[in-house]
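Protein chains in written order, with this note's numbering: chain A, 1 to 328; chain B, 1 to 328.
Hints are computed from structural coordinates only; laboratory data are not their basis.
Some hints could be false.
Identical chains blur together in the list; that is why a pair holds if it fits in one copy or across any two.
Said to hold, decoys possible - Below, simulated SDA-like cross-link-like pairs (lysine to any residue); rule was C-alpha separation at most 25 Å, straight line:
{"no.": "1", "residue 1": "K218", "residue 2": "D299"}
{"no.": "2", "residue 1": "K228", "residue 2": "E42"}
{"no.": "3", "residue 1": "K41", "residue 2": "G202"}
{"no.": "4", "residue 1": "K41", "residue 2": "R105"}
{"no.": "5", "residue 1": "K5", "residue 2": "D214"}
{"no.": "6", "residue 1": "K325", "residue 2": "R253"}
{"no.": "7", "residue 1": "K200", "residue 2": "A8"}
{"no.": "8", "residue 1": "K228", "residue 2": "S310"}
{"no.": "9", "residue 1": "K325", "residue 2": "D262"}
{"no.": "10", "residue 1": "K87", "residue 2": "R112"}
{"no.": "11", "residue 1": "K87", "residue 2": "I28"}
{"no.": "12", "residue 1": "K325", "residue 2": "S250"}
{"no.": "13", "residue 1": "K228", "residue 2": "H100"}
{"no.": "14", "residue 1": "K200", "residue 2": "M183"}
{"no.": "15", "residue 1": "K325", "residue 2": "A251"}
{"no.": "16", "residue 1": "K171", "residue 2": "R225"}
{"no.": "17", "residue 1": "K228", "residue 2": "R278"}
{"no.": "18", "residue 1": "K41", "residue 2": "G98"}
{"no.": "19", "residue 1": "K41", "residue 2": "M147"}
{"no.": "20", "residue 1": "K41", "residue 2": "R318"}
{"no.": "21", "residue 1": "K171", "residue 2": "G202"}
{"no.": "22", "residue 1": "K5", "residue 2": "R112"}
{"no.": "23", "residue 1": "K218", "residue 2": "A283"}
{"no.": "24", "residue 1": "K41", "residue 2": "G169"}
{"no.": "25", "residue 1": "K295", "residue 2": "D102"}
{"no.": "26", "residue 1": "K87", "residue 2": "Y188"}
{"no.": "27", "residue 1": "K200", "residue 2": "F216"}
{"no.": "28", "residue 1": "K218", "residue 2": "A83"}
{"no.": "29", "residue 1": "K325", "residue 2": "D6"}
2 protein chains.
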Amino acid sequence: MATLKDIAERVGVSITTVSRVLNGKGSISQETKDRVFQVMKELDYHPNEMARSLVSKNSHLIGLIVPYIDHAFFSTLTAAVEAACYKAGYKLFLCTSGGHRDREREQFAALRSNNVAGVLVCSRDLGAVSNLADIPQVSIERTVDGMPSVACDNYQGGVLAAQELLANGCKAPLLFGNRIVSMYLPAYLRYQGFFETCRKAGVACGEYYIDAEDLFAKDLGNDLRRAKERFPETDGVFATSDVLAARIQSASRNMSLGWGDDLPMVGFDGVDISEYCRISTVAQPIREMGELAVKILIDWLNGEEVPQSSILPVSFIRRDSSDPKRRG
Amino acid sequence: MATLKDIAERVGVSITTVSRVLNGKGSISQETKDRVFQVMKELDYHPNEMARSLVSKNSHLIGLIVPYIDHAFFSTLTAAVEAACYKAGYKLFLCTSGGHRDREREQFAALRSNNVAGVLVCSRDLGAVSNLADIPQVSIERTVDGMPSVACDNYQGGVLAAQELLANGCKAPLLFGNRIVSMYLPAYLRYQGFFETCRKAGVACGEYYIDAEDLFAKDLGNDLRRAKERFPETDGVFATSDVLAARIQSASRNMSLGWGDDLPMVGFDGVDISEYCRISTVAQPIREMGELAVKILIDWLNGEEVPQSSILPVSFIRRDSSDPKRRG
Chain A
1 MATLKDIAER
11 VGVSITTVSR
21 VLNGKGSISQ
31 ETKDRVFQVM
41 KELDYHPNEM
51 ARSLVSKNSH
61 LIGLIVPYID
71 HAFFSTLTAA
81 VEAACYKAGY
91 KLFLCTSGGH
101 RDREREQFAA
111 LRSNNVAGVL
121 VCSRDLGAVS
131 NLADIPQVSI
141 ERTVDGMPSV
151 ACDNYQGGVL
161 AAQELLANGC
171 KAPLLFGNRI
181 VSMYLPAYLR
191 YQGFFETCRK
201 AGVACGEYYI
211 DAEDLFAKDL
221 GNDLRRAKER
231 FPETDGVFAT
241 SDVLAARIQS
251 ASRNMSLGWG
261 DDLPMVGFDG
271 VDISEYCRIS
281 TVAQPIREMG
291 ELAVKILIDW
301 LNGEEVPQSS
311 ILPVSFIRRD
321 SSDPKRRG
Chain B
1 MATLKDIAER
11 VGVSITTVSR
21 VLNGKGSISQ
31 ETKDRVFQVM
41 KELDYHPNEM
51 ARSLVSKNSH
61 LIGLIVPYID
71 HAFFSTLTAA
81 VEAACYKAGY
91 KLFLCTSGGH
101 RDREREQFAA
111 LRSNNVAGVL
121 VCSRDLGAVS
131 NLADIPQVSI
141 ERTVDGMPSV
151 ACDNYQGGVL
161 AAQELLANGC
171 KAPLLFGNRI
181 VSMYLPAYLR
191 YQGFFETCRK
201 AGVACGEYYI
211 DAEDLFAKDL
221 GNDLRRAKER
231 FPETDGVFAT
241 SDVLAARIQS
251 ASRNMSLGWG
261 DDLPMVGFDG
271 VDISEYCRIS
281 TVAQPIREMG
291 ELAVKILIDW
301 LNGEEVPQSS
311 ILPVSFIRRD
321 SSDPKRRG
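Can you build the whole structure from these sequences, using the hints too?
Written as structure tokens, this is what we have:
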């Protein structure tokens, strides 16, 4: 069976260079890479990562747990995390839980048994995190005692959303979002910033909550009807994610509810959908958050000191949905 | 160190039951699952999948290669694939290549060295597939000799898109899409179906291509200007993906190009974005395609005979973008 040495000799480079090509580390010329892969094929060489990682104890595998990969926030985040892992010579082991606690717990077990070096946590069931307590973990948009976390400035995001609706002259804004049942989720600060800004302006706002786990608002039609019944005077909407905002806009047009096209609306996240649907939004720096979380985790794995809490700034993007000149 | 037997005894079930809970196989009551996990924690039991899979030769790991996880077609597909793998007791090892051939080749090497049982292939560089020739592989929306594939009926999709524009009275429809450089991609049939249907109706259509790898149309503004210069008479657009359609709609509104709101437009894929943006589309049965690909791969792993080519039907969804009564 061929060894790294055989490959290095035939290519005419050092073993270290071959190893760096295999691990995707360091800058190696395209020509050398091509030649290494070519010779690997000729000699039928297949490095066995699993056997190797059992010996070296570093699998160079990073786990990521997200509830839904087909939700724009998490797919954008995953793309950023994967790219950052790749640059650092790590591979990503992705787990999605579909929001099921039970499944998430099994995913944690799978991460452990596949010897991940560290885990990035965007799970719903943070109680289960303790199952992995001995493995370095960094959370994203979740806050757990003793675990380094990366989040956006949710409170300021809520403030910006409220300010935009108030600037549109809203007297009865409505917050429409997922119920937050866990103080682990800093998104509750998003709600707080919104409510406090409205209160300070002397404006009373409505609150309509859908199920905490239902990020896609599966029963949106009925929820919108109920929200309209309960808060008929609503003259502006803060949807706490862009996916919700886009779905509200689309559904209310179809239902002729009179929301969406007619009322100012602000979303949250800053994913592509908000651009396509011309929805004003509070943008999280999603890619930067993913990159920072990977950096913190790898620094930790390398024995460096890491910050406990990193809060990245949000920004407001004004589009048609809250621009009085362009709406309607 | 605790064993499966210790857990089984303490829970009061068979070793097989404990094993099934760990592998996520079979239907086990929630109560039993909870109890097994509880006892695992008490006894500090951690099954080592890696060591186990080196012995059993079945890692119960399925690899999936997609170019971009943050593209709606691939994130929807990935969610379906992951859920189907989970149901069958397999875990998903996701690789994204960012459309880079070089990186894709490294991903293939990573899949091999992590001992995946099989691979689902949505890669751009199908030349590299031969590197994994000894591992069962099923392709999705790609056709490679000798590899089972799952695709939608692309030709019929192109026909439906053309018929819709013709029914809108278009005399100069434009196909706007990624250049297809590889006959591996059955999406070229999508184009063919469109052109042939227009030709049969005696209508000449324009063709504007962006880079084959650039699924997000990064330079869309300039491309739209160039397309408009080259085909000023355009009175209808077939955008060959929903992401492209949504981006064209949004950009042309911002640029006041006079496309999007004014011209009938049809997209392709049937992802959520098309619904949010009220874009008519040819819907691929993406979830069914993902589930079928997983089924074929697992059947193959179990030694069963599998079909070489599976073509699933598409359907047309009419929305505002091609409905003369609602556009504008």
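Outcome of the hint check:
1. K218 to D299: neither (40 Å within a copy, 33 Å between copies)
2. K228 to E42: neither (68 Å within a copy, 50 Å between copies)
3. K41 to G202: neither (71 Å within a copy, 52 Å between copies)
4. K41 to R105: Only across copies: K41 and R105 sit 12 Å apart there, 40 Å inside one copy, limit 25 Å.
5. K5 to D214: neither (53 Å within a copy, 39 Å between copies)
6. K325 to R253: both (19 Å within a copy, 15 Å between copies)
7. K200 to A8: neither (69 Å within a copy, 59 Å between copies)
8. K228 to S310: neither (38 Å within a copy, 46 Å between copies)
9. K325 to D262: both (12 Å within a copy, 20 Å between copies)
10. K87 to R112: Classified as both; 23 Å inside a copy, 20 Å across copies.
11. K87 to I28: within (13 Å within a copy, 41 Å between copies)
12. K325 to S250: both (21 Å within a copy, 17 Å between copies)
13. K228 to H100: neither (30 Å within a copy, 49 Å between copies)
14. K200 to M183: within (24 Å within a copy, 62 Å between copies)
15. K325 to A251: Both. Shortest intra-copy (23 Å) and inter-copy (18 Å) distances satisfy the 25 Å Cα cut-off.
16. K171 to R225: within (20 Å within a copy, 42 Å between copies)
17. K228 to R278: both (23 Å within a copy, 23 Å between copies)
18. K41 to G98: between (39 Å within a copy, 23 Å between copies)
19. K41 to M147: between (43 Å within a copy, 20 Å between copies)
20. K41 to R318: Cα proximity of K41 and R318: none, with 53 Å in one copy and 50 Å across.
21. K171 to G202: within (9 Å within a copy, 57 Å between copies)
22. K5 to R112: Between copies only: 20 Å across, 32 Å inside.
23. K218 to A283: both (24 Å within a copy, 20 Å between copies)
24. K41 to G169: For K41 and G169, neither the intra-copy (67 Å) nor the inter-copy (55 Å) Cα distance is at most 25 Å.
25. K295 to D102: Between copies only: 24 Å across chains, 29 Å inside a chain, cut-off 25 Å.
26. K87 to Y188: Answer is neither; intra-copy 33 Å and inter-copy 33 Å both fail.
27. K200 to F216: neither (31 Å within a copy, 42 Å between copies)
28. K218 to A83: Classified as between: cross-chain Cα gap 18 Å, same-chain 31 Å, threshold 25 Å.
29. K325 to D6: neither (70 Å within a copy, 70 Å between copies)
Comparing the model with each numbered hint stated earlier shows that hints 1, 2, 3, 5, 7, 8, 13, 20, 24, 26, 27, 29 do not hold.
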